[in-house]
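Top line first, the protein sequences correspond to chains A and B. So in the working numbering, the last one in the first sequence is 195, and the numbering has no gaps at all. So in the working numbering, the last one in the second sequence is 488, and the numbering has no gaps at all.
Worth flagging that the hints you see were computed from the coordinates, not collected in a lab. Positions of the beta carbon are idealized from the N, C-alpha and C atoms, including for glycine. A few of these clues could be false.
Calculated Cβ distances over 10 angstroms to all of chain A for the following chain B residues [as the list claims (entries may be wrong)]: (1) Thr3; (2) Gly20; (3) Leu63; (4) Lys66; (5) Thr259; (6) Arg382; (7) Lys394.
Which bits of chain B does chain A cover? Going by a derived footprint, with three or more residues having C-beta under 8 angstroms, they are [unchecked claim]: (8) 329-343; (9) 370-379.
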Amino acid sequence: MAISLEEVYKIAHLCRLEFNEEEAKVLTEELSKILDYFKKLQTVNTENVAPTFHTLKVKTPFREDEVKEFPYIEDILKNAPQLYERMIIVPKVVKTP
Amino acid sequence: MTDFKELTILEALKLLEKGKISSKELVEETLKQIKKVDPQIKAYIYVDEEGAIKSAEEADRLIQKGEKKKLLGIPISIKDNICIKGLPTTCASKILQNFVAPYNATVIERLKAEGAIFIGKTNLDEFAMGSSTENSAFFPTRNPWDLERVPGGSSGGSAAAVASRMGLGSLGSDTGGSIRQPAAFCGVVGMKPTYGLVSRFGLVAFASSLDQIGPFATTVEDTALLLQVIAGHDPKDSTSASVEVPDFLKSIKEHEKTSFKIGLPKEYFESEIDSEMAKIILEIIEKLKKRHKIKEISLPHTEYAVATYYIIAPAEAFSNLARYDGVKYGFRAESKNLIEMYKKSRALGFGKEVKRRIMLGAYALSAGYYDAFYLKASKVRTLILHDFLEAFKEVDLILTPVTPTPPFKIGEKISDPLQMYLSDIFTIPVNLAGLPGISVPVGLTSDNLPVAVQAIGPHFRDELVLSLAYQIEKEVNKKFVPSILSE
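My request is simple: use the sequences and hints to build the entire structure.
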């Protein structure tokens with residue numbers, strides 16, 4: 099197996115996903131098969147080859163830092179899982195210092 | 002009496018201008034067709050009946066005033082990963098099941114400005130991850146040519162909708178073949194423009210260095226017209242290119258008799274292709290030899306494209322899909338603990354294939370594996386791109402099959418992810434290289450299933466790709482109408 103059950107659980111935690119035992123076992127097999135297939139890349143000579151992260155030769159464009167009105171506040175509020183008046187209730191995402 | 006089943010966008014525009022039909026009639030005909038065939042095909046996730054009729058009435062008022070717009074009164078559908086303000090944008094995922102788009106994608110703004118009417122949102126593989134539309138969290142879409150078969154994917158809803166005339170055109174997105182492969186499976190024209198030609202603002206991100214929005218239609222001319230409207234620089238998309246957009250319709254007419262140098266990559270034709278399909282494609286190539294110089298070329302790194310893609314695309318997806326955490330929008334599972342809330346929301350909100358790809362991406366990017374997987378794949382991507390750039394020093398365009406087989410059966414590949422991935426072998430390299438590619442139908446198998454070819458061009462030579470497709474369409478000279486339409 100290219101990947102172990104323990105690794106699957108570890109990565110699942112990093113991905114903020116969870117799998118029951120049965121799912122994790124199936125996933126371990128599927129991922130192993132796929133990762134084995136990826137091994138064919140190791141046979142390609144990439145010495146002195148630069149990576150391509152993007153096919154366009156464009157630089158990050160800059161713009162003036164101007165304040166513009168944002169007209170969609172009501173629409174965004176409608177998509178929130180929980181509201182208090184015009185505020186989105188979120189779980190506490192920072193630790194108490 | 003107008004036969005709506007054979008109507009193209011260009012013909013409809015003429016009839017609208019002459020007052021022979023109204024936009025309202027056109028929209029009502031489309032809605033009628035949806036009621037008739039969509040219970041079987043299931044191409045639509047959401048139909049905006051009321052909105053479409055209202056827009057059609059407005060279009061009719063403008064037509065009467067003599068107003069001229071490129072798509073005034075034309076009903077089209079939109080893949081449900083492209084935002085239309087006020088309508089659901091679910092990406093066929095439970096995690097966005099109740100999400101209503103707060104703004105319009107730039108392509109929607111452009112289509113609206115030219116008077117197009119949005120009939121509804123079409124089905125897809127969840128977050129555009131898949132090749133069959135079976136990964137939709139809601140229901141699979143069926144192929145109008147054979148209801149037991151897949152329409153392809155991920156834009157299967159858009160392709161099936163256009164093939165069964167539930168709208169005159171559609172927009173989809175193509176990350177590894179998600180427009181071209183379903184177009185091929187459904188017997189319609191589908192195009193992935195050059196990366197950067199069409200703004201991706203308002204397209205829900207899957208793999209940002211590969212994603213591109215593009216059109217579906219029943220003819221090359223209609224495809225060219227739709228591309229004309231959506232192409233062009235957009236300051237809201239930092240990857241949008243500042244290039245001059247040619248007049249595509251004019252261009253394909255000018256190139257109607259142009260002789261091209263066309264390359265056939267031997268790696269594509271030597272691989273396992275369904276023999277009946279290969280025969281149909283070779284017959285077309287023979288006919289093209291009358292006008293064009295056809296030569297064999299080599300794209301030596303083709304066999305590494307699928308592995309490269311299925312490392313890079315999941316790695317980018319892993320990062321892009323981190324935003325679905327249940328905090329500010331989308332599905333939130335109840336839990337007292339924050340980490341548990343994230344995990345439960347994502348575990349319940351995402352489907353199998355999406356989770357599989359997030360896991361693959363995380364693995365390929367993780368410490369100890371980054372160099373061997375992600376970095377290696379990014380270097381092989383350079384070699385794949387280089388293959389194409391070298392080829393385009395010798396030829397104007399490249400012609401290939403779109404898929405190795407005709408549409409497969411529903412359920413046939415869903416339990417074997419790797420087999421499903423390999424079905425994208427001829428479309429993936431084009432995305433890795435950022436090139437324009439088009440799928441155009443050329444024939445039918447003895448089982449009455451569509452067969453298509455793919456034309457690939459150099460960066461920002463989308464007009465050449467359309468021009469060759471236009472010539473091929475003329476050469477084939479056949480209307481692809483599935484029998485479900487005459488039932």
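Structure-based check of each hint:
With 10 angstroms as the threshold on Cβ separation, the claim that B/Thr3 sits away from chain A holds: the shortest Cβ distance comes to roughly 38 angstroms. For B/Gly20, the condition that its CB be more than 10 angstroms from all CB atoms of chain A holds, with the nearest at approximately 37 angstroms. Distance check on B/Leu63: its Cβ is at least 25 angstroms (rounded) from any Cβ of chain A, clearing the 10 angstroms threshold; non-interface status holds. With a cut of 10 angstroms on Cβ distances, B/Lys66 stays outside the contact zone with chain A, its closest approach being about 28 angstroms.
Even its closest Cβ contact with chain A, about 26 angstroms, leaves B/Thr259 beyond 10 angstroms, as expected for a residue assigned away from the interface. For B/Arg382, the requirement that its beta carbon stay farther than 10 angstroms from each beta carbon of chain A is not met, with the minimum near 4 angstroms. No Cβ of chain A comes within 10 angstroms of the Cβ of B/Lys394; the nearest lies about 17 angstroms off, and the non-interface call holds. With 9 residues carrying a beta carbon less than 8 angstroms from a beta carbon of chain A, the stretch 329-343 of chain B meets the three-residue requirement, and the given coverage holds.
Proximity of the stretch 370-379 of chain B to chain A, defined as three or more residues with a beta carbon under 8 angstroms from a beta carbon of that chain, is established by the 6 residues found.
Of the numbered hints stated above, the single one contradicted by the structure is hint 6.
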